[in-house]
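Trainee: Letter by letter, the chains look like this.
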Amino acid sequence: MGDFPILSITLLVPILGAILIMIVPREQEKPIRYIAAVSTLISLALSLIVFFGYDKALAGMQFVETIPWVKDLGVSYALGVDGISIPLLLLTNLIGFSAVYASWQVEDRVKEFFTLLLLLISGVMGTFVATDLFIFFLFYEVVVIPIYLLVIMFGSSKRVTKEYAGMKLTIYLLIGSAFLLVGLIALFVKAQAILGFPSMDVATLAGLDYPVAFQIFVYALMAFGFGTLLSMFPFHAWSPDGYAGAPTAVSMIHAGVLKKIGGYGLIRIGLFILPAGAKFIAPIIAILAIGNVVYAGMICLSQKDLKYIVGYSSVSHMGYVLLGIASINLISINGAVMMMFAHGVMAALFFAMIGNLYHKSHTRNVFDFGGLAHQMPRLATGFMLAGLASLGLPGTVNFIGEFTIFVGAFREYQILTIIAISGIIITAVYILRTLGNVLFGPRRPEWDHLQDLKGPEMVPLLVLGGAILLGGILPFTIMDLINSGVGQLLQQIGPMQIGGIF
Amino acid sequence: MRYELLAPEILTAVLGLLVLATGLLLPGRGKKAVGYITVIGLAAILITVMLNFRNEALFFDGVYQIDMYGNFFKTLFVGAALLIFSMSTRYTEFFGQRKSEWFSFMIFATVGMMIMVSSGDLITLYVGLELMTISFYILSAYLLNDGLSAEAGLKYLIMGALSSAVLLFGMSLVYAASGSTVFTEIYRALSAASNQPILIAGIVMLIAGLGFKISAVPFHMWTPDIYQGAPTPVTAYLSVASKAAGFAALVRIFMVAFPYTQFNWNLALAVLAALTIVIGNLTALPQKNVKRMLAYSSIAQAGYILVGLVAANTYGLKGVLFYALLYVFSNVGAFAVTTMVEVETGSTDIEAFNDLGRRSPMLAAVMTVCFLSLAGIPPLAGFVGKFYLFSGAIQAGYLWLAFIGLLMSMISVYYYLNVAKAMYIGKTENTGSFSVPWAGKMALWVCLLGTIFLGVYPGPLSQITELAIGLFF
Numbered sequence: 001m002g003d004f005p006i007l008s009i010t011l012l013v014p015i016l017g018a019i020l021i022m023i024v025p026r027e028q029e030k031p032i033r034y035i036a037a038v039s040t041l042i043s044l045a046l047s048l049i050v051f052f053g054y055d056k057a058l059a060g061m062q063f064v065e066t067i068p069w070v071k072d073l074g075v076s077y078a079l080g081v082d083g084i085s086i087p088l089l090l091l092t093n094l095i096g097f098s099a100v101y102a103s104w105q106v107e108d109r110v111k112e113f114f115t116l117l118l119l120l121i122s123g124v125m126g127t128f129v130a131t132d133l134f135i136f137f138l139f140y141e142v143v144v145i146p147i148y149l150l151v152i153m154f155g156s157s158k159r160v161t162k163e164y165a166g167m168k169l170t171i172y173l174l175i176g177s178a179f180l181l182v183g184l185i186a187l188f189v190k191a192q193a194i195l196g197f198p199s200m201d202v203a204t205l206a207g208l209d210y211p212v213a214f215q216i217f218v219y220a221l222m223a224f225g226f227g228t229l230l231s232m233f234p235f236h237a238w239s240p241d242g243y244a245g246a247p248t249a250v251s252m253i254h255a256g257v258l259k260k261i262g263g264y265g266l267i268r269i270g271l272f273i274l275p276a277g278a279k280f281i282a283p284i285i286a287i288l289a290i291g292n293v294v295y296a297g298m299i300c301l302s303q304k305d306l307k308y309i310v311g312y313s314s315v316s317h318m319g320y321v322l323l324g325i326a327s328i329n330l331i332s333i334n335g336a337v338m339m340m341f342a343h344g345v346m347a348a349l350f351f352a353m354i355g356n357l358y359h360k361s362h363t364r365n366v367f368d369f370g371g372l373a374h375q376m377p378r379l380a381t382g383f384m385l386a387g388l389a390s391l392g393l394p395g396t397v398n399f400i401g402e403f404t405i406f407v408g409a410f411r412e413y414q415i416l417t418i419i420a421i422s423g424i425i426i427t428a429v430y431i432l433r434t435l436g437n438v439l440f441g442p443r444r445p446e447w448d449h450l451q452d453l454k455g456p457e458m459v460p461l462l463v464l465g466g467a468i469l470l471g472g473i474l475p476f477t478i479m480d481l482i483n484s485g486v487g488q489l490l491q492q493i494g495p496m497q498i499g500g501i502f
Numbered sequence: 001m002r003y004e005l006l007a008p009e010i011l012t013a014v015l016g017l018l019v020l021a022t023g024l025l026l027p028g029r030g031k032k033a034v035g036y037i038t039v040i041g042l043a044a045i046l047i048t049v050m051l052n053f054r055n056e057a058l059f060f061d062g063v064y065q066i067d068m069y070g071n072f073f074k075t076l077f078v079g080a081a082l083l084i085f086s087m088s089t090r091y092t093e094f095f096g097q098r099k100s101e102w103f104s105f106m107i108f109a110t111v112g113m114m115i116m117v118s119s120g121d122l123i124t125l126y127v128g129l130e131l132m133t134i135s136f137y138i139l140s141a142y143l144l145n146d147g148l149s150a151e152a153g154l155k156y157l158i159m160g161a162l163s164s165a166v167l168l169f170g171m172s173l174v175y176a177a178s179g180s181t182v183f184t185e186i187y188r189a190l191s192a193a194s195n196q197p198i199l200i201a202g203i204v205m206l207i208a209g210l211g212f213k214i215s216a217v218p219f220h221m222w223t224p225d226i227y228q229g230a231p232t233p234v235t236a237y238l239s240v241a242s243k244a245a246g247f248a249a250l251v252r253i254f255m256v257a258f259p260y261t262q263f264n265w266n267l268a269l270a271v272l273a274a275l276t277i278v279i280g281n282l283t284a285l286p287q288k289n290v291k292r293m294l295a296y297s298s299i300a301q302a303g304y305i306l307v308g309l310v311a312a313n314t315y316g317l318k319g320v321l322f323y324a325l326l327y328v329f330s331n332v333g334a335f336a337v338t339t340m341v342e343v344e345t346g347s348t349d350i351e352a353f354n355d356l357g358r359r360s361p362m363l364a365a366v367m368t369v370c371f372l373s374l375a376g377i378p379p380l381a382g383f384v385g386k387f388y389l390f391s392g393a394i395q396a397g398y399l400w401l402a403f404i405g406l407l408m409s410m411i412s413v414y415y416y417l418n419v420a421k422a423m424y425i426g427k428t429e430n431t432g433s434f435s436v437p438w439a440g441k442m443a444l445w446v447c448l449l450g451t452i453f454l455g456v457y458p459g460p461l462s463q464i465t466e467l468a469i470g471l472f473f
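Taken in sequence, the protein lines are chains A and B.
Residue 169 in my numbering is what sits at position 169 of the first sequence, and the numbering runs on without skipping anything.
Residue 415 in my numbering is what sits at position 415 of the second sequence, and the numbering runs on without skipping anything.
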């Protein structure tokens, strides 16, 4: 691709869109929506170009851009993507694009809504393309504040008020990031002592040899920080409440991609820079992962609110990702990255459908509905697609992710993996029960006035549903990419044996 | 000796007198001119300081020093004064006929700060400090019809006098131990001498006296009442400039005059910093009045800056200077919005900010950005400042301090966002939009862009701060 700064442009287009929206007068709601739609479309197109233009044979970081930024901190504005980040970059843009359409019906304060939404999308993207620790962390925290404002301004209060939900989410994530930041600064200071000059470049930092005790300490901080974002048990409490309070687009982005930053950070920064620490802490993460899968899954069984069901189910599914990361082998980490992608599109589609239904019916209680497939066949298709993907039906991309994780994890933790596999059964129970209650059964006349999906509302279904099926039928498109990225990462850290803590 | 390098101090003092005289001599309508004279004069002084930024000179055997460190802070004071004068054009109407004196007292306070940051001698430092403090006693009580303001002035006077006494006593003990009041001489005498308890007492009292100025716990008791009672622009200046001056003096004394061999003052300061951060942030949580909340927040911020002095290495001291400057943008921005809301609604309670997001999106945006910067959220300036400060602390081995600081700064997001919440989803009957004069708008833009620019591209400022702290290493 030569010197064309494709990643920077992908990153900046939504920011430019946000600035443009700030300038447009408040009453011009239609142009505002179009600006948002066009800028996310450009980003999506560019990330597709990156996806297909990446040279898998060559592997490694590609589309690299580096500009020195702050000399005395060793910071440079460095972007680049490899097999691990490209699927997540693509995921961000798929969801970002769909989220704009899923919020087409926002009528109050359109200007603020789309400005914040575009900033949020840009921030999330930034974490996946940054190869500099400082820039990574910058984007990592940037996303929290737009989310808070979006939740309190556009969210909904049901079981908890939206103010409570927003603040809970914000404080949880920020406290997690405080620990993470201590870890990062300690890493930076240590690396400077070893290198003799300051550097924030992830690859440079990974090339150093840190004392094992130090690695364990910093990795533990990271596991806490990233784990909170990934809703690792027992730091997951923000997640269901947050999703329930948030407006549709925020739930989509949050459950879809934001959580994945946690998993991505654990692999790209934690495992890559601190392999010895990762291998020491891994068993603890694996046990907590089982907490996610089983505990959150059990809670799911007793939920009545659709958003809470998907919220807890997303906590439960993150357990698989954690298990994959904790097993530290090629197959399991491939699976973890695949699962992050798969869960992203699935959760986003789920939230888009719930948001649409809630907007029209003003309720999310499972038992208020019944037989909706009569009135809203397209919506029902979306629900079914997301639901079946959620329980890992072969043919959907989620099956590929889950299966790979279990194969990889079984080598390291036989018993834990068997318990984790039981999660599939739990998922099947609550998903099928929910879908059965909402979609099927006799037609209920009180919902006859509901209109099926049409026009812009179809976009999330087509984009995300398409991704689920395409990824499921042609998994090698994504899997080869992930495999090249993970393979190279593991090669660089060398062979290792898990354990040490027990 | 190159006396022309003293031009900023001399010009500022002359400007103060000029403004005072113009206010007395010019009748009625002419009084409007004082504002313009002040702003033009200060702008000229700002340019003078900046043009001579790299010039260094020693006066009277080190009693007074012109160096980049001092010039950095002088730029900061004059810049802050300019921002505050521009934002308070409507607020000064509250002062009625006594407007011109207000301007001149603000300028005299600036002169005092300039002397503080350039003095290389305890007595000169004290003179500058008193000039600043006495001006602020008067300024705090400037709203004559307001009981809170009068109370603030009196309280500040009593507590300030007490802290001055402690400071002077500390200085006399240091003099007794070393036989000199010039910093470099003190260092030389102390390096040779053996450990003296009297010196430790002196240093502790110096910390107490200057700790009062920077409102470090446990010398912070005055801060909330005075911040709340004083006229809002005065509070803004008190919080950014007076505090920066206190820090500048503190850093210079400790880095230049006291060798480590005598007394490990870092640990003492580390404990103070931790207490300041924790208590400042926790007491800010339940506040219902924005000015009072900003007072507690400024205590917490003082704690962060103190971390840089605790570290006493390149990153730490750079952080002190970096933070002092970004604090001007962020805090003045917050106070500017508070001032405008107060002018419009007559109150500074959080309820007064309700629905500001709809009534004046610009004000709400500036307030949110400035608050997030104070909370240390990237990509705003506060984050970079904290990064420097805590990198320094970890490098110096104070990992626990970094833990406390960063954790507390995340907790602080709660009270900052409370205001944001009122602004964006609060309800109010008033729906009129705000009229902000052009000077105020300009100040708002400067604060907003300054906060964002320093956060996104901190490179240039970090180089300047590197130059400025060159003299300590």
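Any given hint could be a false lead.
Claimed, not checked - Okay, derived cross-link-like pairs now, BS3-like style, lysine-lysine, Cα gap no bigger than 25 Å in a straight line:
{"hint": "1", "chain 1": "B", "residue 1": "421", "chain 2": "B", "residue 2": "99"}
{"hint": "2", "chain 1": "A", "residue 1": "158", "chain 2": "B", "residue 2": "427"}
{"hint": "3", "chain 1": "B", "residue 1": "421", "chain 2": "A", "residue 2": "158"}
Hints were generated in silico from the structure; no laboratory data involved.
Trainee: So, for every hint listed, does it hold in this structure?
Mentor: Here's how the hints hold up against the structure:
At roughly 35 Å between alpha-carbon atoms, residue 421 of chain B and residue 99 of chain B are farther apart than 25 Å, so this suggested pair is violated. Proximity of residue 158 of chain A to residue 427 of chain B is assessed by CA-CA distance (about 20 Å); at most 25 Å being required, the pair is judged to hold. The suggested pairing of residue 421 of chain B with residue 158 of chain A holds, with an alpha-carbon distance near 19 Å, which does not exceed 25 Å.
Against the hints set out earlier in the document, a violation occurs for number 1 only.
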